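Student: As they're listed, the protein sequences go chains A and B. Residue numbering for the first sequence is 154 to 542, as defined by my numbering. Residue numbering for the second sequence is 244 to 605, as defined by my numbering.
There's no promise every hint is true.
Claimed, not checked - What follows is a set of in silico ranges between Cβ atoms, one per label pair, in the way DEER data are often shown:
(1) E405(A) x E451(B): 53 to 59 Å
(2) W257(B) x P338(A): 58 to 64 Å
(3) L540(A) x E451(B): 49 to 55 Å
(4) E451(B) x S274(A): 22 to 28 Å
(5) E451(B) x K313(A): 43 to 49 Å
(6) T524(A) x E451(B): 36 to 42 Å
(7) E451(B) x A336(A): 17 to 23 Å
(8) E451(B) x S309(A): 41 to 47 Å
(9) E451(B) x D361(A): 32 to 38 Å
(10) E451(B) x A439(A): 32 to 38 Å
(11) G406(A) x E451(B): 50 to 56 Å
To be verified - So, partial list: chain A residues that the calculated Cβ filter (under 8 Å) puts toward chain B:
(12) S268
(13) M331
(14) N341
(15) V342
(16) S384
(17) L389
(18) G393
(19) N397
It is worth saying that the hints were derived from the structure and are not from the lab. Since the model is a prediction, treat every value here as computed from it, not as a measurement. The beta-carbon is built from N, C-alpha and C at its ideal position, and this holds for glycine as well.
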Amino acid sequence: MGPVRGYRKRRKIEKKVEQNATASEKEESVDWWDEFSKRINGVLPPSKGMDKFESVFKISRKTFNYICSLVKEDMMAKSGSYAFTNGKPMSLNDQVAVALRRLGSGESLLTIGDSFGLNHSTVSQVTWRFVEAMEERGLHHLRWPSTEQEMTETKSKFEKIRGLPNCCGAIDTTHIMMCLPAAEPASNVWLDQEKKHSMILQAIVDPDLRFQDIVTGWPGKMNDSSVLQSSNFFKLCEKGKRLNGKKMVLCEGSELREYIVGDSGYPLLPWLVTPYQGKELPDSKAEFNRRHFATRMVAQRALARLKEMWRIIQGVMWRPDKHRLPRIILVCCLLHNIVIDLEDEAQDDMPLSHHHDSGYHQQVCESVDKTASIQRDKLSLYLSGRLPP
Amino acid sequence: MLCSISTGKSGSNWLDRLRTSKGFPSGDDLDLDHFLNHQEPNASNSPDTNPSDPTSNSSLAQSDEKTVLNRNQTTEISTENGEKEWLGIMSNVLSELFIIGDTNEISRFSGKKSSRKQTNPKICVLSASTSGDERCSNDERFAVMALPSSGDNSLVEMKDASGGVKLKKERNGGCVDVVEEDKEEEEEEEEEEEEKWNGDLSGFSRSEVTVIDTSCASWKVDKLVFRRKNVWKIRDKKGKSRHLEWKKRKANLCDKNGGGKKKIRLSILPFGSSKDENGEKRLVLYNDGQNHQNDKRKKTCKEMADISSQVPKKRLPFPRLARKSGKGGSSVIRLKVTSKSKQNGANLPTSNVKDTQRQSKA
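With the rest of the complex left out, here is chain B (with noise of 0.2 Å):
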C-alpha cells in the first residue's frame, strides 16, 4: 500500500512537512489560536486565487470557513487522544490523494482538477505546494480533509450553494475539457439560458411564436422571441422538444469546442439606434431620444442592410434533427455577449421615449 510505504519511509519529518503545507502547526505543541489567526486572512484570500470561477469561489470560501471550524474540532480531539487520530485523518488525505476509495466523492469537491490528479498522481506536487496557483487545490483538499469527520457540514454547504455550482458540477460530469477561460462564460451563459427557460422576469423572456410573413417562400415559421426589457433576439424554433433537447445540450458541452456553430440567429437592429460598444446589434423599442437619433440616423441606414443580409440565414424550411439542434441549441449560449450590454438597452430613458412615440393620431 502507497500510504504506508510512504509514512513508513519519511516518518514524522513527512508529517511536519504535510502539516505547514496545510498550514497546520508543525510539531506536537499545537497553538490553535495561533492557528486560527493565521488562517482566517488565508480563507479570505481564497477569492482571489481563482477569479473566473466567482460562484464556485463565495461556495468555497463558505466551505472553508466551516471548514477551519471543523479542523479546530479534530485537532482538539487530536490533543487528546493522541497521534493516531492524526493518522486516521492524514491517511484519509492521502487515500484521497491516491486516488484510494470512492472516488465519486473526491471529484465532487476537487472539481476540475479531478482528471489531472487521477493521470498524475505525484505527492511531491502536493508538498511542495506553495504558490498561488496550488493554494486553490489546498482548499478544496481541506474540504475533503474535513469530510470524514465532519461530512455533514460540508454536504449541507454545497447544496446550499447557489445554482451555478449545481450547473458546474453538472458539467463536470458530462465534460471535463472545457478550458478552463471558457468556463466563466459558459456559466454565465447556461445561468441566463436558465433564466430564460424558467421565464424569469429579471433575465430574456423567452416566447415562442408563430409568424406568418407572406413574402416569404416557408410564409410560417416558428420563432422564439428573448427580450430582456427593450432588448429583442429572435432566432428560429428548433424543435418541439426543446426542453430535452437543452437538457442534453448540457451534457455535451463539448461539442461547443468541437464541431462548428450551426446556430441560426438574429439580432435586429432599431431603426434610430445603432450597436452599442461590443458591436453587438440589437432590437430596442424607441430606445433613443431624439439627440441620440439625429447622430446616428445615417449609420442606421447602412446598418439595416446589414442585418437584412442575416434574415435568409433564418429560414430553414426543412425540419432539423434533433441531434443536430441539439449541437445547435449550444450556440444559443452565445446570447451571453448581450449580457454584457444588456444594461446599456435596460438603462436608456423610456419615459422620455413615450413622449416621442405618442401623439395623437390624426
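Bound-form chain A, shown alone (with noise of 0.2 Å):
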C-alpha cells in the first residue's frame, strides 16, 4: 500500500495529466456546471454560477479541475459505474463533486443523495472510491520537505512571524470527534481526557499552514507526547535522520539546530522547542513564550481551518468504522494542502480561527530534557538580545 515504488514515476505522469487537464477539461467542465447546478438547484443565473460553486464546493473550479486530473485514471479504471437515481451515469466530475461535498460539507448520506438525487449508499460508495483513488494519487502533496530550498523557505518565513530562527516547524494536536455505544467497554479506549469519544490527529505544520506530516489513527485516550513518542517522525529525530539540516550560531560557541515548536502538551527535546512554564516568569521569558505562541499558531490555525473547510471531521461522527476514519482525515489533510498548493483563492475567504479543539483544556508534560533546556535559554536569550555577540 505505501507509496514508495513508483512514486516519481507516479509523480511525472501526474504532471503531464494536469498539464494536458487543466486545458482540455476546462471547457468540458463549465457545461458539467451548469448541467450540474442545475440539478441541485434548479436554473440559476449565469453570472452567479461561479460563485454558487466555490459556495458548494469550498474550492475553485481549477482546483476542482486539478483534482479531477488526479484521480481520474484511478476512479474511471475500476468496473462498475454508479448512476444517479434517474438512471443517467455518473461523470468523473460527477463523481468528484460528490464525494467533495460529502467530505466537504459533512452532511449525511441521505442529505447529500437527495439534494443530488442519488441513492445514499452511492454516495457512500463514491466517496469511498474518491478516498482510495486521493490516498493513491494525492500523497506527495503531504510530506517532509525534501530540499534544502524548501527547508530554507520554510524557516525564513517561520522567522518572519516573531524571530525564531531554524524553526522548521509546528506541531499540534486535534482531535476528531466520535459518537461510540458508550456502554461497549471497547469504545473506553476512545474515550479521552474529556470524556469524549475521539480519534487523534498530530500534524505538524508549516508557515504557510500546509500539513508536513501527519499521525492519525490513535485512540483519544492516548496524549499528545505518547503519539508523538509512537510516531515516525520521532524516530527519526532521534536518529537524527531528520531535522539534522544547517546549525545556526547564535553567538560564537553556541549553535541552534533545526527544530519544531510545540505546546507544553510536548516534551521538551533538543529538536521540540516548548515554552516555559509557570507563572510570573522573567521578562526575558515571558517574551519568548509570547513569540513561541505566535510561531506555533500556524498549527493551531492550520488544524482549525482542516475542520472548518472539510466539515466530515468537525462534528461528532456517528459511529464511524475507526479503520476508514484515518484514511478519511488523510484525504481530508491532502485536500487541504491541495488548496494552498494551488494557491486556491477559496482559502482566503476562511476566517482564521485557532480554535480546533474547543473544549479541551492544555495537557502538560513535565519532561525536560538538560540540553534542550539550556538551548531554550540561550534562544531566548538571543531573542532578547542579551546574549553576547
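Reconstruct the complex from the two isolated chains, following the hints.
Tutor: In C-alpha cells, the structure reads:
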C-alpha cells in the first residue's frame, strides 16, 4: 500500500496529466457545472454560477479540475459505474463533486443523496472510491520538505512571524469526535481526557498552514506526547535523520540546531522546543513564550481550517468505521494541502480561527531534556538581545 | 493379565501395602472415623505439594474432598458386601495404573504425569510412594479411583472448575512436553490473552486501530492496542483471521519452546516515567506525579532513544503467512511479564495527574 515504489514515476505522470487536463477539461467542466448546478439548485443565473460553485465545494474551479485530473485514472479504471436515480451514469466530475461535497459539508449520506439525486449508498461508495484514489494519487502533497531550498524557505517564513530562527515546523494535536456506544467496553479506549470519544490527529505544519507530517488513527485516550513518541517522525529525529540540517550560530561557541515548536503538552527535546512553564516568569522568558505562541499558532490555524473546510471531521461522527476514519482524515489533509499548493483564492475567504479543539484543556508534559533546556535559554536570550555576540 | 498375576502373587500383603500407600486403614477392620480424621489434614495439605499450579490445585483439592466422601461410601459398601467389592475397586485402580481400558478418561485426570506413566508402567513406584512428589499423583489417582463408583460427582467438579483448568486440559491435549516451570507462566499468559480477547476490562482491553503515519514508508499500518488502565501495549496486527490463529496457537504451544520468537512488540515508555522494577518499558498516561518526574527526567530522555530504535522493527510492510503468524502469535504471551508489574501502573495516582494536565488553554 505504500506509495514508495513508483512514486517518482507517478508524479511525472501526474504532471503531464495536470497540463493536459487543465486545458481540455475546462470547457467540458463549464458545461458540466451548468448542468450539475441545475440538478442541485434548479436554473441559476449564469453570472452567479461561479460563486455558487465555490460556495458548494469551498474550492475554486481550478482546484476542482486539478483534483479530477489526479483521481481520474483510479476512479474511472475500476469496474462498475455509478448512476443517478434517474438512470443517468455519473461522470468523473459528478463523482468528484459528490465526494467533495460529502467531505466538505459533513452532511449525511441521505441529505447529499437527496440533493444530488442519488441513492445514499451510491454517495457512500463514490466517496470511498474517491478517498482510495486520493490516497494513491495525492500523497505527494503531504510530505516533509525534501530539499534544502524548501527547508530554507520554511525557516525564513517562520522567522518572519516572530523572529524564531531555524524553526522548521509547528506541531499540534487535535481530536476528531466520534459517537460510540458508551456501553461497549471497546469504546473505552477512545474515551479521551474530556470524556469524549475521539480519534487523534497529530500534525506538523509549515508557515503556510500546510501539513508536512501527520499521524492519525490513535485512540483519544492517548495523550499528545504518547502519540508523538509512537510516531515515525520522533524516531527519525532521535536517530538524527530528520531536523539534522544546517545549524545556526547564535553566538560564538553556541549553535542552534533545527527544531519544531509545540505547546506544553509535548516534552522539551533538543529538536522540539516548548514554552516555559509556570507563572510570573522573568521578562525574557515571558517574551520568549509570546513569540513561541505566535509561531506555533500556524499549527492551530491549520487544524482549525482543516476542520472548518472539511466538515466531515468537524462534528461528531456517528459510529464511524475506525479503520476508515484515519484514511478520510488523511484525504482531508491532502485536500487541505492541495488548496494551499494551488494557491486557491478560496482559502483567503476562510476565517483565521485557531480554535480547533474547543472544550479541550491544555495538556502538560513535564519531561525536560537538559540539553534542550540550555538551548532554549540561549534562544530566549538571543531573542531578547542579551546574548553576547 | 497383569492384574490377575499381581493379585495372585502378593495376596493380602500386597493389598495391605496398597491400602497403606493410599491412606486406607489396613486389615479388615476399617476404622472409618480414624480414617477420615487422618485424611482431612492430608487433603488440605495437597495444595502445598504442587505450588506451581494454583488453579488446578484448588480444583484438585475440591475434588479430593469429594473423593474422600465417596470413599466413605464405597468403604461402607465394602464392609457390607465383603472383599469382592474391594477387589472390584482395586482392579479399577490397577487397570488405571497399567492403562487398561479407556485411556482418555484416565489422562483427563492424571494430567501431565500421564505421559510418564505410559512409558514406565512400574507397579513398585506406586506402592513405595510416600515422598512429597508422589503425593500429588496419589491425589490424582484417588480421583480416578472414585470415578467408577461416583464418576458423575467428580466430573461435575471438574466442569465447575475455573477456565484455567479447561485451558490446561486443552494444552495437554496438544502438547505434553512443556517444561513444568513454564506451565504456570503460560497459564497466566493464556488467561490474560483470553481476557484481552474477550475485551474484559479487568485485563488488558484489546483494540484494533489503523494508524496513518506519513513519515513511514508504509504510511498505513494496522495496530493492536492493549490497554490496562494506564498501561499501553502496541503491536502490529498479524492478519485478519487472528481469532483462528490464536486458537490454533493454543494447540501448538510446543512451538514456543522450539522456534525463535518472531513477534514484534513495542512497549512505549512515556515521557516523565521510567522502567518499572521488572525493567519493562511501559507507556503510561500522565502516570507520574511531578515528584517522580523531576527525578526521572534525565533517565527518560536516554531511554526514549532506546524505544525509538524499536520502532522500525514493528513496521513490516509485507503480509505474513498464516502459519508464521500463528507462530509469531505465541510470543504474544510475553505480555504476561508485564502482568506482574501492572499493579504499579494501576496504582498510580490518576487524580493527581488530572490536576497537572489540565490548565486552561491560553
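Student: Now tell me if each hint is right for this structure.
Tutor: Here is how each hint holds up against the structure:
At about 55 Å, the beta-carbon gap between E405(A) and E451(B) stays in the expected band of 53 to 59 Å. For W257(B) and P338(A), the hinted distance range of 58 to 64 Å is satisfied, since their beta carbons lie about 60 Å from each other. Between L540(A) and E451(B) the CB atoms are about 51 Å apart, so this pair conforms to the stated range of 49 to 55 Å. As the Cβ distance of E451(B) to S274(A) is approximately 25 Å, the hint placing it in 22 to 28 Å holds.
Taken as a hint, the range 43 to 49 Å holds for the pair E451(B) and K313(A), whose Cβ atoms sit roughly 44 Å apart. Taken as a hint, the range 36 to 42 Å holds for the pair T524(A) and E451(B), whose Cβ atoms sit roughly 38 Å apart. Range check, E451(B) to A336(A): about 19 Å between beta-carbon atoms, so the 17 to 23 Å window is met. Take E451(B) and S309(A): their Cβ atoms lie about 43 Å apart, and the range 41 to 47 Å holds.
Judged by the Cβ atoms, the range 32 to 38 Å given for E451(B) and D361(A) holds: they are separated by roughly 36 Å. At roughly 46 Å, the beta carbons of E451(B) and A439(A) sit outside the given window of 32 to 38 Å. Between G406(A) and E451(B) the C-beta distance comes to about 52 Å, which sits within the given range of 50 to 56 Å. Residue-level restraint check for S268(A) is violated (minimum Cβ-Cβ distance to chain B is 30 Å; threshold 8 Å).
A least Cβ separation of about 13 Å between M331(A) and chain B goes past the 8 Å threshold, and the interface hint is therefore violated. This hint holds: N341(A) has a C-beta 6 Å from the nearest C-beta of chain B, less than the 8 Å allowed. With 8 Å as the threshold, the beta carbon of V342(A) comes within range of chain B, its nearest partner Cβ sitting at about 5 Å, so the hint holds. This hint holds: S384(A) has a C-beta 6 Å from the nearest C-beta of chain B, less than the 8 Å allowed.
Interface restraint check for L389(A): the shortest CB-CB distance to chain B comes to about 6 Å, inside 8 Å, so the restraint holds. Given hint, G393(A) at the interface with chain B, is violated; its Cβ is 10 Å from that chain's nearest Cβ, farther than 8 Å. The beta carbon of N397(A) comes no nearer than 14 Å to any beta carbon in chain B, farther than 8 Å, and the hint placing it at the interface is violated.
Of the numbered hints given earlier, the model fails hints 10, 12, 13, 18, 19; all others are met.
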